[in-house]
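Numbered per mature numbering (1 follows the signal peptide of the UniProt record, and there is no 0), the sequence shown spans residues -22 to -1, 1 to 288.
Keep in mind that the hints were calculated from the coordinates and are not lab data. All C-beta atoms in this analysis are idealised placements derived from N, C-alpha and C, irrespective of residue type, glycine included. Relax, there's no trap hidden among the hints.
FRET-style restraints, in silico, Cβ to Cβ:
#, residue 1, residue 2, range
1, 78, 215, 27 to 37 Å
2, 198, 32, 19 to 29 Å
3, 9, 242, 30 to 40 Å
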Amino acid sequence: MHLSDLPTALLATASILHLTTAQTTYPPSSSKRGLAYVKPDDDAADNAFWTDSSLTWYYNWQATPSSQLSSSSLQFVPMLWGSANSNGFHDTVKSQLDSGKNITHVLGFNEPDGCHGVEGGSCLDAQTAAKIWIREMEPLKELGVKLGAPAVTSAPTGFNWLANWFSACDGQCNPDFIPVHYYGDFQGFASHIGQVNATYGNMTMWVTEWAFPKSKNLEGSQEFFNQSVAFVERVPYIDRYSYFGAFRSSASNVGKNAAMLTQKGQLTDIGAWYLGKAATGNIPKGDAVRTTRFAGSVGLVIAVGLWCVG
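Please construct the entire structure, taking both the sequences and the accompanying hints into account.
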């Protein structure tokens, strides 16, 4: 985003925050709601929560579906994660279509502006990414598949990377929707969504990763969860969303309180609510939280969010 876009972003943010003020209710199930699937390390029984759920779609940061979810009705969304696995992505998706798989959307590069290994970004320069997209992603439009733009981080580097990428594409990259990642509090989250829409309002949006890693307590995490799910349900240009928390609290890298499962593999309240169930009262314990991912990524957006609410 350029500084000249800031007044527009502020207006968009103010409108969004007004839309969701004090809203913490949402439907038990939704066609928008999906799963950011993380394969469990300790117990395959955890998969039953997702296969038997009302969730409608999932992705797994890979080009091919997870065998663990083969018995579910979840629609799979392939991802072209980065440069290392880019060769043959188009053919892999086409093969799935030819075999009768219901592939309607694909996701682009995962946090290409993230170049610190612990953060999970694909660390890809805009010029190389443009070449790969033109070769592997753009031809999928001819097969009727809708394309998700690269999902950058919420740091200022994300907006800069996307601008450089579109420039490098020279009109040859035409995504249909823009995926968004955010890790921070609700005001910053809503602010960031408003800024992305102000900058790329020609596309609909998917929120494919979000959580509040630095919440001080379980109640704060639950409040954030309820506010943010109500938010993504109500914003009309958000087509799909997937909360980042489908794992045990003992394996969580976004804090134990954000997880959908306890360390023993029981649904937490957040996990139950996301699946349209009643609160369980199960308390998550233990975590492997990482903090470097979030450092420095939310300063501007939180400032804008606080400015809007007063």
